[in-house]
Structures are given as structure tokens and as C-alpha cells.
Amino acid sequence: MNCQHACSTDNWAEVKAAAERVLGEDLVAFIEQCRAEQDPHSQLIAVLHRVQGKFGYLGQSQLDAVAQLLQVPAAKVSGVASFYHYFRLQPRGKFIINLCLGTACYVKGADRLAEKLSDELGIHFGETTGDGMFTLEGARCLGACSLAPVLVVNDDMHGSVTPDQIPIILDQYIKKARQQSDEKPAQQQT
Amino acid sequence: MIRKRKKQINITIDGTPLTVPEGTTVMQAAEKLGIRIPRLCYHPDLSLAGSCRVCIVEVEGTGAYTASCSAPVWEGMSVKTNSPAIREARRDIVELLLDNHPMDCQTCDRDGNCELQNLAYSLGVRERLFAGARKEFPIDDSSSAVVRNPNKCILCGRCVRVCSEIQGVYNLSQHGRGFTTQVGPAHLVKMDDSVCIQCGQCINVCPTAAFLEKSSVEEVWRALADPEMHVVVQTAPSIRAAIGEGFDLPPGTPCTGKMVTALRLLGFDAVFDTDLGADLTIVEEAHEFLTRLQNGGPLPMITSCSPGWISFMEKFYPELIPHASTCKSPMSMLSTLAKTYYAEQKGIPPEKVFMVAVMPCVAKKYEARRPEHMMENGLPYTDAVLTTRELIWMIKCYGIEFTSLPDGDFDAPLGLATGAGDIFGTTGGVMEATLRAAYHILTDRPPERLEFTEVRAVEGLRETYVAIGERNIHVAVANGLNNAKQVLDKVTSGRENFHVIEVMACPGGCIGGGGQPYPPPHYHILDPQLLKKRAAALYAIDGSKKLRESYENPALEEIYEKFLGSPGSERAHQLLHTHYSPKLPRGIR
Chain F
1 MNCQHACSTD NWAEVKAAAE RVLGEDLVAF IEQCRAEQDP HSQLIAVLHR
51 VQGKFGYLGQ SQLDAVAQLL QVPAAKVSGV ASFYHYFRLQ PRGKFIINLC
101 LGTACYVKGA DRLAEKLSDE LGIHFGETTG DGMFTLEGAR CLGACSLAPV
151 LVVNDDMHGS VTPDQIPIIL DQYIKKARQQ SDEKPAQQQT
Chain L
191 MIRKRKKQIN ITIDGTPLTV PEGTTVMQAA EKLGIRIPRL CYHPDLSLAG
241 SCRVCIVEVE GTGAYTASCS APVWEGMSVK TNSPAIREAR RDIVELLLDN
291 HPMDCQTCDR DGNCELQNLA YSLGVRERLF AGARKEFPID DSSSAVVRNP
341 NKCILCGRCV RVCSEIQGVY NLSQHGRGFT TQVGPAHLVK MDDSVCIQCG
391 QCINVCPTAA FLEKSSVEEV WRALADPEMH VVVQTAPSIR AAIGEGFDLP
441 PGTPCTGKMV TALRLLGFDA VFDTDLGADL TIVEEAHEFL TRLQNGGPLP
491 MITSCSPGWI SFMEKFYPEL IPHASTCKSP MSMLSTLAKT YYAEQKGIPP
541 EKVFMVAVMP CVAKKYEARR PEHMMENGLP YTDAVLTTRE LIWMIKCYGI
591 EFTSLPDGDF DAPLGLATGA GDIFGTTGGV MEATLRAAYH ILTDRPPERL
641 EFTEVRAVEG LRETYVAIGE RNIHVAVANG LNNAKQVLDK VTSGRENFHV
691 IEVMACPGGC IGGGGQPYPP PHYHILDPQL LKKRAAALYA IDGSKKLRES
741 YENPALEEIY EKFLGSPGSE RAHQLLHTHY SPKLPRGIR
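Line order of the protein sequences matches chains F and L. Sequential numbering from 1 applies to the first sequence in the working numbering. Sequential numbering from 191 applies to the second sequence in the working numbering.
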């Protein structure tokens, strides 16, 4: 007579499967474990740490998947994720630039480096370039004051940097990224 | 069992000694003395936030100001609610709230009934000493129902609490931190892309204009000024019980006649009554119920008049969709008849009929735009939905002296309704009207009684059995979706076998709808006392009518005879029934 009678209108199986696909088996298992705890809601931050550990950031689809699998309202999940400084809501670049803004570096001209970096990359602190290459972040003291002003790109330390060196440093990494992407297909062939 | 009497606590407020039960807050104790401590984030039906600090008082000996909303009394406590220092501190707190608030009171929708504005006035903020940076957030007016303007938000959190604690939707939370904190749905997506059910309770509890209904006033003015258009209006049952508040009439004053006259003065070509749609809904729904009873289900049948509930079902309980009555809401039924039967009778092409619906509801704006409620030519059956607030504003804008208007009558044929239609506007009303009709069809006798007070779920939730002839009908009535969840979970788990369930999204039913007037002085929003008065107006109207049972409506008889055939006929199904489908994102229940 009417389809509603015959067909199931419950979409939970699909919603759940989609959430599991987004997070992957390891995280699904971890959330299962959390749900068995007395107060699964209190496990939200622990879950978010795991998710960021795996993906490098907390994207909308990952947060929604956490909401469904942990059964915590999505507004709460995204509210918590956006509150804590530690959680990142945007993917990070291939190269993370940490400019020291501690006292010694600042006195030695870190402010001018900050301006130059923002200009060259076209982004503000905390943002990532559109091509996903660089993320610009400010750090407090990095403990290398004798080299001030200092900036760190991934694991490389650059000391006594002047604003006119910035384009040269950035260029190094762009070249490095290009080399890596050229090497990759070659490696795959062998 | 004898309830243990609470310990009595002796305190002093502003020098007056009084005794109150243990657990009373300072704010509540002060109210006993007739002192209403200024407040903002506090709401008696919501959890305590204690975040705005407007309600601070001085507690002797503590050396600190205490938020009176969340401070319980203790033996020997001595409180000052007013001192020069307290008044200054309260004024500074409100001044700081204003400092990053837009300075546009004169052009704001809440001008005149904004709690922040009222507080600033009553606490004596007469200048702005600090010129703080203003918030510059994007406004989300993409929804056809709810507009979110975070620039006006003062982060009191009342919307967040009503959405989660009363409605069980939990669509809102604070995002970000510090100066850039914003209240909004997950990821701050557009309202219609979130789990929002458009009930509009966030608008009701907001002290400012951070949430508003999407206005339809301009398009209605435009239609009224268009000589080509035949502009018709229908008013929901609960409007007549609340509209008077907009013109300083005491709450609970029935205003049917004045409302009709005002609508005519505004220029509407015909004034119809959604109550007729309600009578029609009852006849169709009773027929549907009987069919389900005979065919083995699906039972329970759940009412489908409340569009907030329908959205909630689609997002939170999609497995219950087969249980929802397929009947369109009274508004949509009446709009459908206006553009088919009425247009045909009048010899006006349906596209020249402009249907305006005045509703207590914000979600009706969303319902009117649903693809299920479009004509074959792609035009909507309901062209514009106005909330009670918007209609009040239009009447004032026009300059109509509402309180001195003579009574007018609705137009035939779509304005003739029974008392059963009137009570649709309050909790249990649809159930009561259904039971009146069920008597008729299950026993073939007129009902032995017309009033079923046992289904009036004033406290939010009722489950009971009602004997009708040989049968014992198991019914549940819920208003406020957190209450509804309790019943729905019993259905999904199979713990209870109900026959019929009435669900209204808003507390108290439509009388507490998201589009109703902001509360008059001495009432708070969602005040049970206010809802009781509005409900009493509807029961008074019902009681005063000769015809109180939907089957007795002579206009309906004629419409069936001339146009629809019989209840549940193919034509009735095609025009008056609809189907729903699961919607994403899925809500967490």
C-alpha cells in the first residue's frame, strides 16, 4: 500500500558505517572501548587527541564521525574542538615554520621576520598556505637565544635570520618538496 | 511515606529577616520579599550558568560579590541586594556587555523588548565609557526560518541550554574562545544544514536579537499592494489566545473577533481559520487511525501537525517515520484547499491566490518551503508565513487601534470551525479532538463527554488509557522534545504499546511556540503561568462554541460532498496527505 510500511526508514546502519569509514578500524575500536567506560562523554577529549594524532588535524567529517560513534552531540564535539588551543581544525602544511617570538628573538628583530614571512606566504600566523606547503606558527622561547632571531622549519633550525634571507629559506623547502615528489614515482617503479 | 520536611534557614536580606527552606537561592529568597534582583543569563526552567554576573549581591563577611542565582542560603546569612557599590558594579557589568555590542538599538528588531536594553536602562547606563572593538561575524540568514546573528550575542548561553535541555536537540554550543567566541551549530554551518529543527525556542529565550525569525513581512505587504493578487490569510488556533499581549491586553484574553477585523483592515481579501484545517486534519486522521487499527498498524500513530516535531523525527528518529500520520498539518491542508477548492469556486487561477498563514511557529516557515508542499506548477501552497510577533508588528505599523476594534467573523467556507479546532493550539488538544472524533467513529454514537482533561499534558508528558466504547485506547501526549524523547524511546524499544501519540515540539504546545509574543511584564518566556492563561483562552473559546466535534463541521461536510469525496478518498490522499523521509545530519538523541 505505501512504501513507508514496507521499507525501513532507519538510516543508522549507513550513518554508522560512514562514520567508521572516516575514522578507520583503530579509532573505531578505541571509541568502542571508551563507550564501555562509565561516562563515555567524558572520553571526548581523549578521543579527539587520538583522532588528531592519526590525521594531524580535526576535520569536519572526523568530528561528525566522532559525534555519531561516541553519541555526543556534534555541536558539543565541535565546540570542544574549537575551544582548546591544542586542537587544530585545519590540516597543517608539509613544512611547519615556527618563528620564535621570545624576548631575545624579539629584541633581535623577530617582528620584522614575522611581517616578512606573512607577506611572502600570504597568510597570517596559525594559517596554512593554499597549496598545503607551509604552516606559519609563532613559538615562545626555543632555548636557542644565542642564535636569535631563530626560526625552525620542521626539524631544521635557522639562526641569526634577516628578513632578506626569508625568501631564500622558503625556496629551499619548495625545491625540497619538488625533489621529493619527483623521486616518489621513480621509487615506485623500482 | 511522609516527605521529610526541609530544614528551615534564617537569613536577612536588606535588613529584613526571613526564613526559607534549605536549598533556596538568594535570588529566590529575595523574590519572597518582592525584590526582583536584575538578571540576564538566569532562566528558571534552565540549568544555572551563573556566567553573566548581573545578579550579584553582597554577602556580609565574605568580602566578595556573589551571583545570587546560584548561591544557596545558609544559616545566619546576611545579604545586601542594593548598595552604592553593588549598583555600580552591576551597572559596570552591563556596560561592559554593551561595549562590544552593536550600537544600533533604534534599527534593531528587538528595539523596545530587548532584555539587554531594558537592563541598561534600569541599571542606569547613560553613557559608553569604553569603545571596545565590535564583533564582526558573518550573519547566517540562509534558513527560511531562523536567522543567527552572532554580532548581537552576549554569550549568556540561554539558547544553548533551551536547545539541549528543553528540546533535546543540542544544536547550539559556544565555539572558539575569548573575544571570538560564537554560539552556533556544529562547525558553524548554516542552520538548515545542521540538526536544527527550526522550533525557534532560541529566538524566544534570547535576551537580544542574536536569533530571530526570518521575516516575511515585506513580501506580505507587497502582495497586499498588488491589485492582481487575491490575498487570503489563515490564522492558527493559538494566535487568538496570544495576540492581545502585543497590545497590552491581559494574557489569556481571547481576541478572535478583533484579530479578524484587524486582518480585514490590513487589506486581506478573505480571512480564513486554520481551525477548519484542524477539523479536517482530525477527520482524516481519525479515518487513518481506524484504517491502521483494522489493518494491524503501524501503531502507534503519531500526530504530524508540528513541523518542529516532523524535522526532529526525520533527523533524530527516522525509524518512526512510518508511525507519523500521513495527514498534512492544518495549515497545509487549509492552504491546499484555498488554492484548489476555494480558487475553483471563486473562479480565480491558483497562481493569483496569495496564501498567508499566521502561525505561532517559526518552523512553519520551513514547512511552507518543503518540496512536499508545492503545487504541481512548482509554486507553494502557502506563500508566506508570519509569526504572531510579525502580525502584531504589521498591525502596529499600519496604525490600527487593535483594542478598540469591533469583532469580525471569519469568511465562509474556510473560516468555519468547531471547538475541536481551537484546542489544537495547546498541549493535548489534538489528542482531545481526536478522542472526540474517535467516539464518533468507533461507537457510532455522539461522544459521552467532550472534555478529556487527562490528556492535557501541562507538565510536559502524559501517558494514560482512555476508554472509548469497548476499547481502551493507550495514549501519550508530549510537548517539548526532551519530554517526547521519553515516550519515543519506549516505542523504539518496544516497552510500551501505544495507540496514539501526540507530539508538539514546543513547551505547552503551539501557545508556547517559537513565534509567539515576547512575554509581557511580570512573566518570563515559557512561563507556565503565561502558558496556562493562553490555554485557558482556547478552552474558553471551545467551551463557548455550539459545535465542538470536528465531524459536526457543516463546512467540512460540504467540502467533502462537493470536492473531496469521503475521508481517506483518493482525492483526499492526493491533496491532504504527504510522506516524510530521513534527513541528515542525523541527530544524537
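The set of hints was computed from the structure by calculation and includes no laboratory data. By construction, the Cβ of each residue, glycine as well, lies at the ideal position given by its N, Cα and C atoms. Treat the hints with care, since some could be wrong.
Derived Cβ-Cβ restraints for the label pairs, each shown as a range [said to hold, decoys possible]: (1) L:I329 / F:S118: 25 to 35 angstroms; (2) L:G240 / F:H49: 25 to 35 angstroms; (3) F:L89 / L:K197: 28 to 38 angstroms; (4) F:Q33 / L:G205: 36 to 46 angstroms; (5) L:K773 / F:G159: 36 to 46 angstroms; (6) L:R318 / F:Y86: 29 to 39 angstroms; (7) L:Q719 / F:S118: 30 to 40 angstroms; (8) L:P488 / F:A13: 50 to 60 angstroms; (9) F:P167 / L:K773: 30 to 40 angstroms; (10) L:H769 / F:H124: 33 to 43 angstroms; (11) L:E686 / F:E14: 42 to 52 angstroms; (12) F:G138 / L:I329: 50 to 60 angstroms; (13) L:E317 / F:Y84: 43 to 53 angstroms; (14) F:V107 / L:I329: 26 to 36 angstroms.
Computed far set for chain L versus chain F, every beta-carbon distance over 12 angstroms [stated by the list, open to error]: (15) G366; (16) V385; (17) E509; (18) I511.
Below are the DSS-like pairs computed for lysine-lysine, each with C-alpha atoms no more than 25 angstroms apart in a straight line [claimed, not checked]: (19) F:K76 / L:K722; (20) L:K675 / L:K736; (21) F:K16 / L:K680; (22) F:K16 / L:K723.
Open item on the list: Hint by hint, where does the structure go against what was stated? Just the numbers, ascending.
Closed with: 3, 4, 5, 7, 8, 9, 10, 11, 12, 13, 14, 15, 16, 17, 18, 19, 20, 22
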